[in-house]
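Colleague: Kindly produce the complete structure, drawing on both the sequences and the hints.
Sequence lines, in order, name chains A and B. So in this note's numbering, spot 295 of the first sequence is number 295, and the numbers just go up one at a time. So in this note's numbering, spot 60 of the second sequence is number 60, and the numbers just go up one at a time.
Bear in mind the hints are in silico, worked out from the structure with no lab data behind them. The beta carbon of each residue, even a glycine, is placed where N, CA and C say it ideally should be.
If you anchor each label on the Cβ, the simulated ranges turn out as follows:
#	chain 1	residue 1	chain 2	residue 2	range
1	B	Glu280	A	Val132	28 to 36 Å
2	B	Pro127	A	Ala60	21 to 29 Å
3	A	Val132	B	Val200	36 to 44 Å
Take a look at the letters that make up each chain.
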Amino acid sequence: MNLFSFFGALEIGLIYSLVALGVFISFRLLRFPDLTVDGSFATGGAVCAVMIAGGHSPLASTIAATLVGAFTGLVTGWLNVKLKIMDLLASILVMIALYSVNLRIMGGPNVPIINTPTLFTQLQPAAMTDYVFRPLMLLGVVILAKLIMDWFFLTEKGLAIRATGTNARMARSQGVNTGRMILLGMAISNGLVGLAGALFVQSQGGSDVSMGIGTIVIGLAAVIVGENILPSRRLTMSTLAVILGAIIYRLFIALALDSNFIGLQAQDLNLVTAVLVTVALIIPQLKRRLARKSRD
Amino acid sequence: MNKLTLAPLGALLLAAAAIAPAHAADQKLVAVTAIVRHPALDAVRDGIQDGLKADGYVVGKNLKWEYQDAQGNPGIAAQIARKFIGDQPSVIVAIATPSAQAVVAASKTVPVVFSAVTDPVAAKLVPSWDASKTNVTGVSDLLPLEPQMDLLKKVVPNAKRVGMVYDPGETNSTVVVKALREMLPKMGMTLVTAAAPRTVDVSSAARSLVGKVDVIYTNTDNNVVSAYEALVKVGEEAKIPLVASDTDSVKRGAVAALGINYHDLGEQTGHMVARILKGEKPGDIKPEVSTKMRLFVNPGAAKKQGITLSDALIKSANQVVE
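Modeller: Shown next, in the form of structure tokens:
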């Protein structure tokens with residue numbers, strides 16, 4: 001792994017950690033298996049790229065992408081809460097619909113913004129190279145998102161969302177409008193994912209309709225890797241774990257890209273990544289088992 | 001943000017510092033990446049090696065060669081781009097639009113040669129078809145449509161309705177669909193499209209065309225080329241002849257194709273890479289299109305799809321697939 005690929009992994013990892021935070025809200029806090037993410041990531045990217053290419057300010061474009069992402073989450077929540085469609089199916093419906101919507105938004109499959117100003121180029125100080133600055137700036141964004149999340153989920157509204165996920169009947173008996181909480185939680189979750197999509201296209205020089213495919217897998221893997229590495233019941237630790245999980249997952253891909261020296265080829269990349277993630281998942285177990293043995 | 005948060009991040013940064021800088025070897029390094037693997041893109045990759053060899057750059061002797069494909073995932077494409085830049089190669093070759101965009105977005109200095117990109121100007125890889133004066137040049141697989149439609153008329157002389165299966169998510173394909181919608185009515189034909197957003201949709205998309213079309217034309221759509229056998233199956237069952245636009249598909253069961261041979265395209269790219277290795281600047285080299293068009297026909301496939309090819313057509317072919 002060279003320095004560029006390390007910072008690249010950090011950059012992509014930080015962007016996907018926003019996805020992972022979103023997935024953490026839907027899967028863990030709300031217990032809502034939400035696949036909308038595959039669509040809303042690309043939708044966020046599409047909205048942002050089209051607006052930037054159309055001459056709008058990168059900041060406005062990024063905010064708009066976040067709001068549209070939140071709206072897609074609302075649609076999934078609405079299908080589930082109001083139309084009583086099963087949660088998983090509701091999210092699949094929105095996900096596949098968004099593929100067509102994204103093509104409409106972009107007016108085609110690909111919107112390049114390679115030489116257009118982005119949030120990154122606007123804020124980059126002259127003394128710093130882009131491959132160092134981008135991860136640093138993203139680190140700031142991600143930490144901010146984490147702190148806001150940590151704060152919000154301890155407020156009355158935030159606790160009501162968590163209660164809805166933990167035990168909906170109990171929450172209802174306490175006077176919580178669980179339907180509204182699902183809508184709110186899904187909007188926040190997909191808003192984060194839309195934001196990630198917007199940052200991704202600005203870092204990658206363009207939006208492509210295929211960019212959302214597999215996002216949910218990456219997000220879930222990050223959540224689970226993080227939880228294994230940093231197991232905790234406290235929310236502040238869990239959000240941190242999820243962010244680390246996303247970065248570590250990307251570092252594994254960077255490592256796997258360098259595995260050709262042991263005779264592995266390009267086509268083995270996904271397998272190598274999977275093996276590395278598996279190892280990361282079983283190390284904590286092995287440690288526990290070893291600790292138990294030494295105690296005996 | 002507590003101390004615990006900083007500790008692992010600090011560890012990551014330390015790990016970065018410990019990473020060795022890229023090696024300085026006497027061999028020139030050419031790093032090649034493609035968005036996904038399928039026969040046409042693999043042919044480009046192999047062609048590049050042959051082109052380089054013809055110009056005196058032999059892999060393992062005086063050339064180091066690195067190849068990575070992104071398994072169809074843009075996040076991985078971005079990471080491959082970063083890795084390549086860090087490896088400090090003499091030239092990065094990016095095959096197909098998404099890979100090329102990822103590499104071009106990541107570096108303004110390392111020489112980049114794209115290949116098999118249909119419209120590099122629309123993809124913002126280069127500002128125009130003139131020498132770019134930047135670090136980017138390359139070879140496009142843009143195919144003129146008129147000769148292909150003439151071929152289609154020769155294969156199925158009384159064709160009125162032309163079917164086309166394509167991925168609406170691929171720029172290269174939407175460009176062709178738009179052009180054909182304008183062009184075919186002038187030739188007394190109409191276009192009937194069927195969308196295949198995923199590889200697994202190719203078969204059902206082709207089935208939806210049965211009874212509505214006299215012939216199925218396909219461009220170099222990645223989804224369709226990946227699953228061409230599915231199309232061949234439908235063509236044989238429903239007796240609809242298939243006209244492709246990459247010659248490799250003729251070997252897989254298309255009746256005919258007047259197209260770029262992707263191996264040729266790769267060789268042309270390889271020659272361009274060699275020019276840069278010899279010291280030319282990518283910004284001084286004009287982006288090129290393929291100059292060689294080759295006609296491949298497959299009389300056996302024609303029979304299975306319910307037509308016979310004229311002797312004249314078979315004679316004019318560069319290659320007859322048995």
